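Engineer: Here is what each chain is made of, one letter per residue.
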Amino acid sequence: MKWWYMLPVLLLCLLAIGLWQYLHRTEQSVKEPLATREAYTPQEPIQPIPLQVALNDTKVKLGEKLFHDRRLSHDNSVSCADCHNLETGGTDRRRRSIGINGAESSVNTPTVFNSGFNFRQFWDGRAETLEDQIDGPINSPHELASNWQEVGAKLSASPDYVAAFEAAYQDGINPDNIRDAIATFERSLYTPNARFDQFLRGDSEALSEAEKAGYHLFKTYGCIRCHQGINIGGNLFQTFGVMGNYFTDRGNMTKADLGRFNVTGEEHDRHVFKVPSLRNAAVTPPYFHDGSATRLEDAVTIMATYQLGRKLDPSEVDLIVQFLQTLTGTYKEKPL
Amino acid sequence: MSASRLWQSAVILGVVLLLAFLFVKSRVVDFATHERFTRNLRRLQEVDTTLNQDILKVRDGLLAYYDTLVTASNELDRLSHDIRRSIPPFIDARGQQHMRQRLDAYAEALASKLRNLERFKSDNAILKNSLQYFPLAATEVAEAARDRLLEQEPVAELNHLLRDLLVYNLLVREDLTRHLQTRIDSLLQNRDAFASAVERPKLDAVLAHAQKILKYVPRVNGLIAELLAPPLTQRGDALYTAYNHHYERALQTAEAYRLVFYLSSVALLVYIAYIGMSRLTDTLSIVTAAKHRMEEELNVAHDIQMSMLPLIFPAFPEHDDFDIFATLSPAREVGGDFYDFYFLNENLICFAVGDVSGKGVPSALFMAVTKTLIKSRASSDFSPASIVTHINDELSRDNDSCMFVTLYLAILDLRSGEMVVTNAGHNPPLVKRSGGTIEWLRHKHGPVVGAIPGLAYGQDSVRLERGDMVLLYTDGVTEAADGSGNRFGEDRLEKALADEEEVSPEPVVHALRSVVQGFEGDEQEDDITMLGVRYIGRRSQGVNVELVMSIPNELGEITKVINAFKAWGEKGDVPKSVVSSICVVLDELLNNIISYAYGDEQHKTIELTFERIDAGVVITVIDEGVPFNPFTTPPPDTTTGIEQRDLGGLGIHLVKEMMDEVSYQRRVHQNVVKITKWIADDTPTLHDQTQRRI
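Heads up: the sequence lines are chains A and B, in that order.
Numbering follows our numbering, in which position 83 of the first sequence is assigned residue number 83; successive positions increment by one, without gaps.
Numbering follows our numbering, in which position 474 of the second sequence is assigned residue number 1474; successive positions increment by one, without gaps.
Just so you know, the hints here were simulated from the structure itself, not pulled from any lab data.
Just so you know, these numbers come straight off a predicted model, no measurement behind them.
Positions of the beta carbon are idealized from the N, C-alpha and C atoms, including for glycine.
Hints are supplied without guarantee of correctness; some may be wrong.
Said to hold, decoys possible - Chain A regions said to be covered by chain B (calculated; three or more residues, Cβ under 8 Å):
id, region
1, 45-59
2, 92-99
3, 211-225
4, 235-245
5, 306-319
To be verified - Which residues of chain A face chain B? A partial, calculated answer using Cβ under 10 Å:
id, residue
6, Ile230
7, Arg260
8, Thr264
Claimed, not checked - If you anchor each label on the Cβ, the simulated ranges turn out as follows:
id, chain 1, residue 1, chain 2, residue 2, range
9, A, Ala167, B, Gly1061, 46 to 52 Å
10, A, Glu128, B, Gln1101, 52 to 58 Å
11, A, Met253, B, Ala1105, 39 to 45 Å
12, A, Glu128, B, Leu1170, 34 to 40 Å
All chains should be built: construct the whole structure from the sequences, respecting the hints.
Structural biologist: What follows is the structure in C-alpha cells.
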C-alpha cells in the first residue's frame, strides 16, 4: 500500500469524528421568554397586560388557521373557534358549549383570551400548559371527539398545511407541533390596554370616580385576595364557598362541581377551582364553572355571599360591576 | 500486496481508529454542556431562594399578587425537568444513575413544595381576606350594636376578640388559640344579645371570619414553615455536589483517555518510523545486492585479467641465462593492466606490458584480445614494430567503444642480449646496468594502440649487457598519489630502483612495489604492474661472428657480395662446401630481389648480414622492395630474367634444397629473408660482438 492511501483514511477518520461530535452535541434549546414584563409599582395587586408579546409570527398564523379549522374534530363539524369565538369575547357565551353531535360540555367554556397568562388550564387546573390543554377538547367525546392520529392524517392530506408546517417546524406535522402552533396562537390572544391598565400605567383620568370607587370596594371586600396579578385571577386555586355552601344552595350537584378534587382526590381540594381571570369579564358571560350567573351583578353578588359572607348593597354591586367593565381590553387594537 | 504490507496497513488503520476513539473519548467533556448544566443547577437554587423570599413577602403583605410565585414555581418545575433531561452525556452510567436518584429526591421535594405552595396561596388568600374583612365587619356590628344596645358587654367582648385576634395574628401566639376559641364560643352563645340590634347573619359572618383567622393563622404559618424548610435547598445542594463529583470523575477519565491517546500517538509514530526504517533497510539490502552483483562482475573482470597473466615464478626454471619476474597488484576496481612473456623460439623471449583504457569487464576483455593478438602475431613475426602495427590495425578496426591500450613490447635475444623494443604510448622503461647506473629507454614509436588505424610503428634495439636489468611498468607506479595529491613520479622510481641492492627481478620488483604502496597508502587508485627482466647471458656462448653489408640494387653488386662472403667464410671456419653452396643461393636470391623487387627501378639498398653461430651460418637479407615471399610464390614467368640467366633455372627450389632453414618475414616496408645452413662440425668460440642495425 502506498503511503498516500493513508491520507484519505485519516481524513475519513477526522470526518467521522466530526460527524460523531456533531451528532452528539447537546441540544441548545433556548426558550424565548414568554413576555417581558414591565415593572410596575408592586403595591398595586393588579398588573397591566404588556402591550407587546414577542411571538413567532409564522406559528401564530398557522395556529390561527388550526384554531378555526373544523377538521380538528372527528366529523369536521366543530373547531376550537366554535366555542372560543373571538368575536364574542373568546367564548360562545353559552352556559354549556355544544360539541360534536350536539353534545354538551360539563362546564362553562372560559374565554380563550389571556389564557396564556393562566397558571393552569381548565377550571380544575388539570392541564399545566396551553399545549396540554389542547389534548382535552381534541379527545373529549363532548367536544371535538377526535384523536391526534386522525388530526395528523387529515392535516397531512392538505398540501397547505404540509407547506405551512414545513415553514414553521423542522419536523413537519406532528401532534407536538400542532399543539405548539395552537398554543402559540392562543398566547397571541392577549388583550392589552384596558382602561384599567391605562389607569395602572399612570393615567388617573382613565377611570371615572365610580369606577375608582368600585376598584376600592373590590379591594376592601377582599376580592383582590384571589383576583390579583396580571390576569386578575388565574394564578391560584380557591374553594368555591369559603363562607357558605354554594353547591347545597344551588342543588343538582354534578361531578364537575367537585372541581380540583377530581384531579387530586384530596379532601381539601373539594369544590376547589382555578380562580378565573376577570379580564374581559364584561363580555364573557355567563359566569362560574357552571355558567349559572348570567349577569355580572349576579356573579358579584354570589361571590360576595359565598366567599365573603356579605350581602352587598345593590349600589356596591353596581360600583364593582362598573369597575369590572373597565377590564375589557383590546385585541388587534379593537376592543373586545 | 504482500501479507506483511496488509498487516501493516491493518495495524495502522486499527491504531488510527483507536486514536479516533480515544480522541473522541478525551474530548467527551464538553464545557458548554457542563456550563449550561451547572448554570441550571445554580438557577434552581436561585429561583428557590427567590420563591422563598416572595413567599415571605406575600405573608407580610409586601407582595400583593401571586404572579411571581407562579413564575418561580413554573421555572423550578421546568428547570428540574430540563436538568433531568440534560444530564451531560460524559457522566458515566453510575453517575447518571446517582444523579437521577438525586433528581428524583429533589423532584419529590419540589412537588411537595409546589403542592404546599398552592395550598398556601389559597389559604393565605382566605386568611388575608378574613384579616382584612373581620375588623371591618366586626366594627360594623359593634357600632350598630353599641347604638342600640343598653348592655354593652357583648360589644366589648367583640372588641376584645378583634384585638386578641389581631395580636394573635401579629405575634403568632399559639397559646392564645384556646383563649380565642373560648371568646368566639361565648360570643356565639351570646349572639342572642345582639339579636335586637344586629342582623344575625352579619354577626355570624363576623364570627365565621374570626373562626377562619383562628384556623388559618396556624395553617398558613405551618405551610410557610414547610415551604421554607431546608429539604429542597439541601437536596439542591446535594444534587450540585453529586454532579460536581461525577464531573470531576468524568474529567479524570477524559484525562486518562487523553494520556492514552498521546501514548498511542507516540506508539503509532514509532511504528510508522519503524516501518519506514525497515523499508529503508529493504532498500539498503537491494542496494547491497546490486553492489554485490557489481563486485561479482568486477571479480569476473579480475578473473579474466588474472587468468591472462603468467603467474608462476620462476617461469622458466630451466633457463639460467635470464631471470624474469612480474607482478600485477589490481586496484579495487579492476584496471586494464596486463603483462605477458613467452619464448618465440629457443633464443627469443618476448615480453610485454600494457594498460588498457577504462576499467571493468570491457577493459579485461579488450586486454585479453590484445594479449591474444600479440601472442598469435609474435609466433610468426619477431619484429615488435611489425607486431604492434598489426595489432593496432586489428584493434582499431570496429573499435566502437573507443578503447585503446598503451603497450610496451620487447623481444630479447638471449644469445646476444639484444633487445628490440616498440613503445606504443607507454611509460618509458628503465634499465639498471650491472654497474648500477640507470638508463631510461625513452624511445617512442607511436601513439596508443587501437586508436588510429593504419599507423606504422617503429622499433629500437637496445643492447643488454650481462647483469643488466630492464624494468617495465605501468602508470599505476608513477601516478600513484599520496594523501596530499603528490605523484610518485619517475624520479622517485629511478631513485628507488637505484637504491635497491638486490639484483634479481623478484626482490627488486617486490621492493619497488612496497615503496610505491607505502607512498600511496591504503587507497590504490590503479593497477600497479611491474615486470623486470635480468639478462644474464649464456655461459657457453658459441661463435658469433657477423658480417654486415649494404649494397645497392644492382646486379653487378652480387659478385662483390659473393667475394666478401667467401673471404668472411674462410675467416669464420666455414667449410668450403658450405661457402660454395651458399654462394649459389646468394646469387639466386639477390638476382631475384634485384630483378623483381623494384619494379620502378628505384635505387634502394639491400642489407645483408652473415652470422656465424655455433651450429652454422645465418644469412639475413633485407630489401625494401614490394612484399614478396620467395619461398611460397614462384617468380612471375613473363619476365625475361629466366631465359637470360643460367642460374635462374635453378630457381628458389634450389635455395630451399640447399639450405637447412629458410624463412620470410614482411616487416613494415621490408622483406626479410633468413636462411640458415647448419655446419656439422661445430667448435664454438667466443667472439667480440658487433652491434648491427636492421
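Engineer: Each hint: holds or not?
Structural biologist: Structure-based check of all given hints:
1. 45-59: holds (count 3)
2. 92-99: Our answer is that it is violated, as 0 residues pass the Cβ test (under 8 Å) against chain B, missing three.
3. 211-225: n = 5 at 8 Å, threshold three: holds.
4. 235-245: holds (count 7)
5. 306-319: Our answer is that it holds, as 5 residues pass the Cβ test (under 8 Å) against chain B, meeting three.
6. Ile230: holds, 6 Å
7. Arg260: holds, 9 Å
8. Thr264: Cβ of A:Thr264 sits 8 Å from chain B, so the hint holds.
9. A:Ala167 to B:Gly1061: 46 to 52 Å: holds, 50 Å
10. A:Glu128 to B:Gln1101: 52 to 58 Å: 25 Å Cβ-Cβ, so the 52 to 58 Å window is violated.
11. A:Met253 to B:Ala1105: 39 to 45 Å: holds, 40 Å
12. A:Glu128 to B:Leu1170: 34 to 40 Å: Distance hint for A:Glu128, B:Leu1170 holds at roughly 37 Å.
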